[in-house]
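Trainee: Take a look at the letters that make up each chain.
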Amino acid sequence: MEAAIAIFVASLAGSAHCAAMCGPFLAFASAGPSRDGRGRGAAMTAYHGGRLLSYVALGAAAGALGAGVDRLGALAGVGRAAAIVAGLLMVAWGVDTILAVRGRRPTALHPPPVMQRALGGVVRRVAGLPGLARGGLTGLATTLLPCGWLYVFVAAAASTGSPVRGAQAMLLFWTGTLPVMVTLGFTLQRLAGPVRRALPLVTASVVVAIGLLTIAGRLRHTGAMPAGTPAVHADHR
Amino acid sequence: MLTIGSPSTGAVAPPPDEHACAHCGLDVPRGLLEPDAGQQFCCAGCRTAWAILHQNGLERYYDLPDRRDRPVQSSGRTYEDFDHPAFHALYVTGVPGGLSRVELYLEGVHCASCVWLVERVPLVVAGVVRAELDVRRSRATVEWDPATTPLSAIGRTLDALGYPPHPFRGMARDGHRRREDRAMVARIGVAGAIAINVMLASLALYSGWMSGMEAEYARFFRWTALLLTLPALVWPGRVFFTSAWAALRTRSLHMDLPIALALAAGFSRGVVNTVADSGPVYFDGVAMLVFLLLCGRYFQLRGQRAAADSTELLFSLTPLVARIVGGNGEVREAPAEGLIPGDVVEVRAGDTFPADGVVESGVSSVNVALLTGESRPVTMRAGDDVFGGTLNVESRLRVRVTAAGEATRIARLVRQVEDGARRRAPVVLLADRMAGWFTATVLALAVVVGVAWMQWDPARAVDNAIALLVVTCPCALALATPLAVTAAIGRAARSGILIKGGDALERLAKPSTLILDKTGTITAGAMKLVRFDGPEWVKPLVVALEAESSHPVAAAFREGLGLQVLPEVESSRHVPGAGIIGRVGSHDVAVGKPAFVESTGAGRMNRPVPALGPGRVLSEVWIAVDGRVAARAWLGDAVRPDAAQAIATLQREGWSVGIASGDATPVVLAVAEQVGIDPRRVVGNASPEQKLALVEATAWRQPVVMVGDGVNDAAAIAAASVGIGVHGGAEASLAAADVYLARPGLAPLVELVQGARRTMRVIHLGIALSLAYNVVGVALAMAGLINPLVAAVMMPASSLTVLMVAWRGRTFVEARP
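Same order as they appear, the protein sequences are chains L and Y.
Numbering follows numbering that gives the first Met the number 0, in which position 195 of the first sequence is assigned residue number 194; successive positions increment by one, without gaps.
Numbering follows numbering that gives the first Met the number 0, in which position 714 of the second sequence is assigned residue number 713; successive positions increment by one, without gaps.
These aren't lab readings, by the way, just hints derived from the structure by calculation.
Some hints here could point you the wrong way.
[What the hints assert, rightly or not] Which stretches of chain L does chain Y cover? Using the computed rule of at least three CB atoms under 8 angstroms from a CB of chain Y, they are:
#1 18 to 28
#2 48 to 55
#3 86 to 100
#4 138 to 147
[Unchecked claim] Over the 12 angstroms line for every Cβ pair with chain Y, so calculated as not near, a few chain L residues:
#5 ALA3
#6 LEU198
#7 PRO199
#8 LEU200
These figures come from a predicted structure and were not determined experimentally.
Backbone N, C-alpha and C fix where the C-beta goes; we use that ideal spot for every residue, glycine too.
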């Protein structure tokens, strides 16, 4: 339960970033030949639906991976291996981000170009499709964005050590992103200065806190551990 | 704080010492700054997203917010017209607290960030209380204190922010609808919440009865239900009482009257039983009834509106978006509704003109058939007038707007049709009267049911009477009938048939006499010169005289003789239905029917008629020069391919079809034979006056439908029971005619009469359904087989069925030609 609340709150707190980053894709998905409100609403719904599907799938996969790590850890005599690895990754990402805000140059790891090509291909192919299909497919492909924030939550999903709970964790993450993405749109540029400036620091601190709690086993969803995926490293800059 | 002159300062753009992510606009952590890079990114995701957008040509997205980060070019308009009393009278409404409200169309609204910016206006302009932007419609609602702030200041601010404002015209209607909706939804919400709570209390009572409840608990729940129900009647349910009361005061019978009575009776009975501390309380029923009835009414309202909107689709005649040319020559798209006189718009080939105006630059041909009936494109160049709704055929024009929106010719035309649509068909008037009788009958029956059941089973008397009051609804009569007429007119309009009134629709549903004009109706109207018998020197005189005329004969001469160098025309006079006479060069020239040319003093021509080929029916035209017939010409006009079939269809449906034409009798007879019209119903050589006399004589015996040229036959068309204009343009035709067919040929005529018949069938079906439903409902209620709740569900369900039949019924086939 605490884990659920923590994931939801963290997702909500950081969703301003999601809205700003994915805004253009949402705009692309919902602007098209059918300009009327109903068509646009349907396309937006399809976009969020597609996003949900791919997140949940990713969460389940991460959870399964976490389960494997847990089992390996058990063989080696280490309990809760997935939670410890995931927690460490979260703390590392958070600390790295905080240091970057303070001016230290992080080790730049570039995301594999295949992700960019894949998402670009989707954007090109769905451009001519009707609103619903365009929205849904764009939403599905959004997961391909090498977004560090997203993969922090994938790590959290892995830390559960269970595909079902992993999927649940990503469902909570998706729910947390909704309010801002639906209401505010993609207008983060317009956030008042202080809020905007503090945003990276706040989100990074939240992630460090959750990571520490995960390592300490204080977030109750009992669990296993993910190995750091390349994507997680990718955003460690 | 935002400042007007430079929106780039403050919260709108980052201070120079910070760096925003090129993609998401959030601050880039200092450690990630790349001093040499063109763009800065806050994370790998943003870098990827930025690259994808650029690779796929979607980088326009970045222009939207970027516009705000640079100082916006103000248009420099002063918006003084916004302070004019006439402007206020038209567009500004008062709101409580001495404030005013205006709705403005904003140019340049793209995305949600515009919402943020526009909604900051109250911070910028003192006196503005509220600013809201509907980004989808580019429409801002502004409330301000007119005592301290002129509207022009708000206009200038919006302009300075990059959103030049224009008044929004549909405000009254839209505002009204929105208020209606908001109040309705609020009422439904409150009624629903109350109904659920009352149901809970009642549930406790019912289960208490079964399991034996202590008296004080039963009393508690009764009183709770009463106290909960009271507000449901006082607020959400009040609509029924107020409208019933209004009906009583005007001594008319409204369908809310039985409902109000039912609610009042149920509630009073419940109060009596609560105070007496015995017997059933009806509060659950009353509260639920209010909720369900309000829901039903809401859906009904939406249905009605959707149908009314189909008439508004006439506005599809003009485009929604105009290309406005800015001060620096840049072209941007803006809602056509926001155009104001003085704007310069660009109209490309294939575009419809968004407003009336004067051509500033460019030369193009324009199809003005919609307004004037002239089927050939007219050449327009700088200084020429162009009109909204007409089509630019050839090349790009820049037009300075002289009249926009409601002031355009096309809008006047649309208004005529809309006004006409309000003209009530006899069937609608009948339905209205029936609805009154219906309500009276229902009230009487309710009393009978109540009294009868009192004798029989007093406990159920009130329930049954209430069920009867609720289940009956004259809605099909009062609403469905006009709805069907409106929907049919709207649908017809979209397929190029403009109908000016419901009464015309009803008269067209029953076959009677139909008189057709020949030229342009049965025939294509495009005359061709078949033979010219006369000396060469006459030809330039004829072409010069006919040069300015739009008559088909003139067009045939121009095309057939095809001369370029013409003598000067000193004067010319058109004699309707006869010919044209004038002075060309130094000659007196008359061109027209033999009888007309003879009447100008020219003698007969004694040469033999040349052989023109077998079976050709041609009109003969004489040309007299200086008082002598100098040449003769023969012109022919082909019968439309669909004419014979269309006329056969009409005759099969019982129409008695005839022809009245100004053309020579043998020509008309030959055409009649080709399309299968009885020669006894053919009148040739008819002047407009004779056509009028014919129509009047026929109309005296039976209804007569006259189909003809909206200009030349205007008198006959106006005199007919139903006048139908087919050419001569919508504008002129609809002045006299009830119907204008914007598509050529007889097929739309067949569509019209068939559509009219189907409309009447839909109306009759609606009335029959409603009567059947009511008879069944009344029978069930009288027999005590339904309780008020079931009745409350049945009533809106049946109303909806009938309304859907009326609205969706197949009347006219919507198809854009």
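Trainee: Which hint numbers doesn't this structure obey?
Mentor: Numbers 2, 6, 7, 8, in rising order.
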